[in-house]
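Colleague: In order, the protein sequence lines correspond to chains P and L. Going by the working numbering, the first sequence opens with residue 282, and the numbers climb by one from there. Going by the working numbering, the second sequence opens with residue 65, and the numbers climb by one from there.
Hint data in this document are derived by calculation from the structure and do not stem from the laboratory. One should not assume that every hint holds.
[What the hints assert, rightly or not] Chain P side only, calculated, beta carbon under 10 Å to chain L, not exhaustive:
1. P448
2. P472
3. G552
[Claimed, not checked] Over 10 Å on every C-beta distance to chain L, these chain P residues come out as not near it, computed from the model:
4. F417
5. Y451
6. V454
7. L458
8. L469
9. G473
10. G503
11. E515
12. Q516
13. V526
14. R546
15. W550
16. Q551
Don't be surprised by glycine CBs; every beta carbon is placed ideally from N, CA and C.
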Amino acid sequence: MVDLSASLPPRTRARTSAASWWERPALWRGLAIPVALLIAWFVVTRLGLISSHLLVSPEKLVALPFVDEAGRHVWFALGESVVRLVAGFAIGATAGIALGLLLGTSQAANRAIGPSVNGLRQITLFAWIPLLTAWFGNGDSSKIVYIALSAFFPTALNTYEGLRTIPAHYLEVARVLQLSWRQRIVRLLLPGALPSIFIGIQIALITAWIGTVGSEYAMGVGRGIGTFMAGGREQFRMDVVLLGVIILAVVGYVINVICGRVFRRLLHWQGSPS
Amino acid sequence: MTLQLQQSSQASLAIRGVSKTYRVDDRPLQVLRNIALDIAPGEFVSVVGASGCGKSTLLRLIIGLDTEYDGDILLDGQRIAGPGPERGIVFQEHRLFPWLTVADNIGLGLEARGAGQSEREQAVSENIALVGLAGFEKAYPHQLSGGMAQRAAIARALVNRPEILLLDEPLGALDSLTRAYLQKELLRIWQQEQVTVVMVTHDVEEAVYLSDKVVVMEPRPGRIGAIVPVDIDHPRDRAAPEFIALKERILGALAH
Chain P
282 MVDLSASLPP RTRARTSAAS WWERPALWRG LAIPVALLIA WFVVTRLGLI SSHLLVSPEK
342 LVALPFVDEA GRHVWFALGE SVVRLVAGFA IGATAGIALG LLLGTSQAAN RAIGPSVNGL
402 RQITLFAWIP LLTAWFGNGD SSKIVYIALS AFFPTALNTY EGLRTIPAHY LEVARVLQLS
462 WRQRIVRLLL PGALPSIFIG IQIALITAWI GTVGSEYAMG VGRGIGTFMA GGREQFRMDV
522 VLLGVIILAV VGYVINVICG RVFRRLLHWQ GSPS
Chain L
65 MTLQLQQSSQ ASLAIRGVSK TYRVDDRPLQ VLRNIALDIA PGEFVSVVGA SGCGKSTLLR
125 LIIGLDTEYD GDILLDGQRI AGPGPERGIV FQEHRLFPWL TVADNIGLGL EARGAGQSER
185 EQAVSENIAL VGLAGFEKAY PHQLSGGMAQ RAAIARALVN RPEILLLDEP LGALDSLTRA
245 YLQKELLRIW QQEQVTVVMV THDVEEAVYL SDKVVVMEPR PGRIGAIVPV DIDHPRDRAA
305 PEFIALKERI LGALAH
């Protein structure tokens, strides 16, 4: 029997045995500033230092989505925005990943299409709004196209980069083993580009979410968080606006957390980054 | 099929007047000049030389990663025009795909030849056993030590039962303990598989310990300085006077 003692495996990752949340100093340090701001906010509104029209108290804000007539609309608005986000993102990310794969695997396509894509990418997303509204009107199609565009570029770019940065060493292995075209894609290019594709998806989700709210705000037909905030501003309801801001942040945070967890699981072969 | 493979699993490699010139900044740079070398079936040949002597380039030509060269590299009389399943290679870095398990990495070459599921599984487990990695089939490369990863890379190179196994400083990145151990393992695998081996190394002792003959290369341009046969029975004793004498002779040839 062969002796393995000379080449023992590295000690299996010392997994920090899921420390409880109160035992994690990093978490506490991260919470310090938000908690301080919250306290300051509470104190300022309680003492009446700023007019309550401009800055509503935190406890009122918490109650807003449940007790206030205008505030309750936030749930419908959130639902509509998320549907829009998902629809626009699905279209944009699919197209983006497809284009990235094409550019990253075909020299000819890269030479033909690459420069155009790079040119279009330079256009600030907001600059598309007047064009889109002129082409597709103020309704949902304009917004969906806008959201799709905001998801398209990050996914296309990161997919392409992921393919381009696959080490030449691995490509040589593929040549030596004479992998077929299909095998190269499935066994080498796709998994090799996956970490970068995931980064693209995460960035795209965030920009698509900002795109969702932005397009709703700028093309004010229908409901949605953006429209909800625009309405609040028009009626001088700063509490409604503030609620919109908080929802915006929470959704962004949730996107990041979910992406982080899901992608880490899917990329388990990378091992611990330490 | 199996029988034929067994019979043909010993190939002769003839390198005839091979030269290779790169273009660097639009100026030609000759890295190999007039290399002539015959390698008999089942022979273990080492190529030693200072870095920049073109020994790795020679290996790239034999494996078929680079097909633009002057002269001929003949495998059983056929000029090499690209990679093929009858040749396997192990690089200095293991180059296992990090997203595939050990078993899947080793099975890649079989997959490429369209081998069926059962044939694949059997060949993979045979080769895993051959390199002593049984039990690590499902492990990912990041879970392996350097030595184990290199064993997996050796299994990947051997899985198609190549006639020629090329080793490009395969143990160069390992610590000395693992290195000495894997040298013994290489010897065992070579004897067991009766495969022709061409190994590039900068470790003269390693070359003398393993090889039937040692090719000493000289740099700028890379050319053969000496071919030293090693007529010592295996297992070789590194402390034996004849071993040391041979090592000194090769080191002397290198110092030219």
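Colleague: Each hint needs a verdict: does it hold in this structure or not?
Modeller: Tested hints:
1. P448: At about 8 Å, which falls below the 10 Å cut-off, the nearest Cβ of chain L leaves the hint on P:P448 intact, so it holds.
2. P472: This interface hint holds because 4 Å falls under the 10 Å limit.
3. G552: Nearest chain L Cβ about 4 Å off; hint holds.
4. F417: Fine: 41 Å to the nearest Cβ keeps P:F417 off the interface.
5. Y451: violated (6 Å)
6. V454: violated (5 Å)
7. L458: At about 5 Å from chain L, P:L458 fails to clear the 10 Å cut-off, so the statement is violated.
8. L469: Violated: least Cβ distance 7 Å, not greater than 10 Å.
9. G473: About 7 Å separates P:G473 from the closest Cβ of chain L, which leaves it inside 10 Å; violated.
10. G503: P:G503 is indeed farther than 10 Å from all Cβ atoms of chain L, at 43 Å.
11. E515: Fine: 52 Å to the nearest Cβ keeps P:E515 off the interface.
12. Q516: holds (54 Å)
13. V526: holds (40 Å)
14. R546: holds (14 Å)
15. W550: Violated: least Cβ distance 5 Å, not greater than 10 Å.
16. Q551: P:Q551 is in fact no farther than 10 Å from some Cβ atom of chain L, at 7 Å.
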